[in-house]
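Peer 1: Spelled out, the chains give:
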Amino acid sequence: MERRDFFKVAAVTGATAALDGCGKPENQLIRFIPEEDLAPGAAEWKPSICTMCPAGCGLMVKVMEGDAEVVRNGKLGLIKMGLAKKLEGNPNHPINQGKLCPRGQAGLQVTYHPDRIRHPLKRTGPRGSGQYQEISWEEAIKELASQLSSLRTANQTGSLAFLTRPLRGQRRELIERFLSALGAPPAVTIEAFDDAVLRRADLLSFGHAQLPTYDLARSNYVVVFGADFLGTWNSPVAQSVAYGEMRQGRPGVRSKFVMIESRMSQTGANADEWIPARPGTEGVLALGLAHVLLQELIRPSADTARAIALIQGWAEGLQDYTPQAVEKGTGVPAATVIRIAHEMISHQPALAIIGGAPLAQTNSLFAAFAVNALNALLGNVGKRGGIFFTPQPAQASRQNSLSTASDQGSLAALHRFLDPLLQSSPAAAKALLTYDANPVFAGPPGLRVREALENIPFIASFDSFIDETSILADLVLPDHSPLESWLDDTPESGTASTTISLALPAVRPLHNTRAMPDVLLDVAHQLGANLHAALPWKTFDEMLHDAYGGLDNAKRAGDPNADWDKMKEQGGWWSTEPQKPAAPAHPISQSAVSLAQPEFDGDEKDFPFHFLPFASQMLLDGSLAHLPWMQETPDPTSTAMWSSWVEINPKAAERLGIKQGDLVEVASQHGKLQAPALISPGIAPDVVAMPVGQGHENFTRYASGRGANPFSILAPMVVNETGSLAWAATRVKITRVGKGKLILFAGGMHEGPQETERR
Amino acid sequence: MAIKWGMVIDLDRCTGCEACVVACRAENNIPTAGADQAARERAIHWIRVERYWEGEFPDVRLRFRPVLCQQCEAAPCEAVCPTYASHHTSEGLNAQIYNRCIGTRYCGNACPYTVRFFNFYNPVWEKPFHLQLNPDVSIREVGVMEKCTFCIQRIQAAEIQAEAENRELKDGEFTTACAQSCPPKALVFGDLNDPASEAARLSRSNRGTKLLGELGTKPAVTYLEPESWEG
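Protein sequences appear in the order of chains Z and B.
The numbering of the first sequence is the numbering used here, which starts it at 1 and goes up by one.
The numbering of the second sequence is the numbering used here, which starts it at 1001 and goes up by one.
Isolated chain B, as found in the complex:
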């Protein structure tokens, strides 16, 4: 069966530490906006940790939820793109072709998860920060939308390697930058069409939910809701 990439996020393991956020930034050449642009909500984070307060002091709760592109099967962002820059791959990714993008930002408006980001200016890396840039990931210029790719550069490298060695990809032989860094192993990436993969196994958990699942977007990301302690 064809591969379908997906992710499981166990909210009972997630501590809200944001290792995933910085790992993603380092892997995917995400520029820093600086204080002024950040104040105008132009900071780019392909993955973020949302946090929600519940209750009042002292009966107060704070919950974390890492949110990245949900790689929807029925993605609202794809249908609205006039140039097919936003499109669906055979392996289930919502991919973005930067040099097709003309910056209408329709996709950003259509996305219910607000995980697509517009480049309001050309990114700048003050020298020699540019020496750290990952050569496997292209830099996005002013006027294009960008988003989480499930680290497609890592997917491709692993697929090429497996093909060169004339073998199947093994579950867990590579993972996304966010999942690799995650200390409590809250993020698990893998092929959902391989029933034996860790991601597929966890996605069948009875704690599993989809973010805004009622919209019918069919996300490839499954959240495992936190359990409560029962003595």
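Same shape as in the complex, but just chain Z:
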């Protein structure tokens, strides 16, 4: 007998003794036997995928045996099971190369959160009251199937809606197949900081509707327009790894990094030169640089003609963008424009990046075209030290159109979904399924999201937490946490290698939850023939095996790592060499654009400040506000914890009689909020900034009722061409209300009010 088997027998015997006199112990025994082959005290490392943001980093999960109180077979008991103890980056993964950001490190707290939904729920009180009763999975699935089935009987499956966070890979494929087989419209994807503008610009300029991958490690000069690429934007870990190399990875070579933004971000703090430009004028500055480059007889190569052709006046040498004109428009001195352009010429490869606030103005598409044209002029596309597009594996999705994220703004899609509900039109949704999307929190007030959702007769949610949106659900079918799930991903950016990430559950489910894909498959089978044909798999892992296992060696050019078992072991498959992306899609006709002035909501006289919400390094768009590790990690630039704050320039604050920590009211034409003021030297005098993330009404004990939500005062301004929310186009006024409370982490930094309060 093996030693381990002996222990199992011993455990059973002991358990039998313990259960004497409790009915039929043999039915319950199973829960006392260790569920996995783990040696006490020894760690197993299992691959997984980080889902805290859309970058798709590879994880290694440290799993150790531990005792957990869990409900099994309806009874509470203590069992030995594998528990996730620590997350590290997967050293072999091409995106993050063994590294992780602070949000990724906190992924553990999602699984072990005390306020996770532990079992299916059915609403008992009025909608939104949060009163639920526990039901069984059989009841829950039956209820969902019968709701969908009655929609079908009434010939109304077209009025089924699905709201989700951005998804890729087979989860997305499954949802799309489910909806299309039912005759329902495609899922509506919600992304608070929507990158649709850049995807659209990249599609028109370069033929790829994707966020780019930047070869920072080999570039010699980087000009960044607003993108928080070391903090929250695009693929921050991949970009930070490359940044380290760009600074100190090459003996004798150190790139220059120029940041252009109106409020110093964590990323901007690392710049060699920091240049504030007027909000909404970034495109003008990019073309000003291009103007100087053209004068120095720099000429684009033929293969990037498309990007250039999108800019009006290019052939004439961009005469509207002389350094003097740029100074007038942007506030950046003409001499600076000329100097930076010359530095770019003498330090090639020189790269330009745009993201964040410059892409959240009404004229954002123009700005994105301008930066793309600048990159095209510098010969950066597909070149060393330039821009790459991550090749999308053909297997990633059966329907090619789904393999990349949307280039259509999520606000426009939300409008199409919400407006009929508000107008009580017959086209309004009659049933809604939601998955990890919180539009009630992230939607600007003009959308009236909550009011619209309340008009939907039936709402079911797959969320793991009650938040402002899932609290409206009639039925909650809680998903496993990511570490408990089968996962797959095909990253949009962050590497030049073709990448498929794949992961088995790293740990067993702690609660009575079920994987969302498995629930959908179950429901599909209950709904019968045509759904069953579209989704023939019994469980999600069968679907994954079908998608990625069947094309082993032959299709991946004899790479032995392409094997299904090998994929499971190493966390996926990726090409060892960088690969070229598929040829660009055929050109979409788009006429050249000329300078578009940004529009702002609110008169400059009554609303003197630009309002700049920004993604929080810890809480991101608010979806991580429920994690105490994130709440208690000081914000990098302000050191604030557990709170909201409003950043204001010292001179502006003095003029308004506002001191550090004072409670101020920030009012737009669409709403107002209150938060403590943080006097910051790194912000323009006509801008106030506020981190997104706090201000949740309902989002676990750690986030509820804490701080204020800047989304709640945004004007419904849109990026004209894509219908994305122009979240940086609202103007506000500021008034002091009284004394407030700022929670700052002083640490060893002896400065500000903390020091005077010290002993």
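Derived by calculation from the structure, the hints in this document are not laboratory data.
Predicted model only: the values in this text are computed from it and were never measured.
Be a bit skeptical, because a hint or two may be false.
Here are the simulated SDA-like pairs of lysine to any residue, each with C-alpha atoms no more than 20 Å apart in a straight line [as the list claims (entries may be wrong)]: (1) B/Lys-1127 with Z/Gly-66; (2) Z/Lys-80 with B/Arg-1061; (3) Z/Lys-672 with Z/Thr-700; (4) Z/Lys-430 with Z/Ser-146; (5) Z/Lys-80 with B/Ala-1200; (6) B/Lys-1127 with Z/Pro-114; (7) B/Lys-1004 with B/Phe-1129; (8) Z/Lys-672 with Z/Lys-733; (9) B/Lys-1127 with Z/Val-71; (10) Z/Lys-672 with Z/Asp-686; (11) Z/Lys-651 with B/Phe-1129.
Put chain B on the given structure of chain Z with help from the hints.
Peer 2: For chain B alone, kept in the frame of chain Z given last:
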């Protein structure tokens, strides 16, 4: 030669992202204080990222500096401890023996880097957060001081493994939680007495400085000052 553990922090690579801060929290069972206690400066961070503003808008700079226990060779915290809870190990660590500590907080007062933290209350992990706790790191109770250990549990595991395999420790075969997570590879941990180790090599850089080096504490942490761009 005996091992001397040390670290190099390249401020030219550091982006201030705070991955190290959360990695340390996860590895070392550091409790969260909550908003009220945090407002009373009772939040515990074995490593923090300090930030310093310079200049006025628009000529403004912001600099980051990760600060953890400097594992001083001449540590002011050790000499003042009446119970020898704070002591020096043979491998150069300023170690803290929690069950010897009687909470005088002398060490915290003596430390010029303010990297020692007092437990003002018993830590609480609301269930089932406790399931994540690292079994290799003890939990500190009310009344004791705690601080960065250079992930001594990882050091010991690696040393035991090497001994079992009858070999020397290899440079880079393990590292601290903060260094392992650090995306731009700003933190490098290793044996400073092994001249070939990455940490020893980097610590000889002409950019190297010691934090408050003039105090004579002889820190085992070397900071590499950021370079400025020269076209």
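Peer 1: It remains to establish, for every hint, whether it holds in the given structure.
Peer 2: Now the hints, each set against the structure:
Of the supplied pair hints, the one linking B/Lys-1127 and Z/Gly-66 holds, its CA atoms being roughly 14 Å apart against a limit of 20 Å. For the hint pairing Z/Lys-80 with B/Arg-1061, the CA-to-CA distance comes to about 52 Å; that exceeds 20 Å, so the pair is violated. Of the supplied pair hints, the one linking Z/Lys-672 and Z/Thr-700 is violated, its CA atoms being roughly 24 Å apart against a limit of 20 Å. Our distance criterion of 20 Å between C-alpha atoms is met by Z/Lys-430 and Z/Ser-146, whose separation comes to about 14 Å.
This hinted pair does not check out: Z/Lys-80 and B/Ala-1200 have alpha carbons roughly 43 Å apart, beyond 20 Å. For the given pair, B/Lys-1127 sits about 6 Å from Z/Pro-114 by alpha-carbon distance, which is consistent with the 20 Å threshold. Taking the CA atoms of B/Lys-1004 and B/Phe-1129, the gap is near 35 Å; set against the 20 Å cutoff, the hint is violated. With a C-alpha separation of about 9 Å, the suggested pairing of Z/Lys-672 with Z/Lys-733 holds against the 20 Å cut-off.
Between the alpha carbons of B/Lys-1127 and Z/Val-71 the distance comes to roughly 14 Å, so the proposed pair stays at or under 20 Å and holds. The suggested pairing of Z/Lys-672 with Z/Asp-686 holds, with an alpha-carbon distance near 18 Å, which does not exceed 20 Å. Taking the CA atoms of Z/Lys-651 and B/Phe-1129, the gap is about 45 Å. The hint is violated against a cut of 20 Å.
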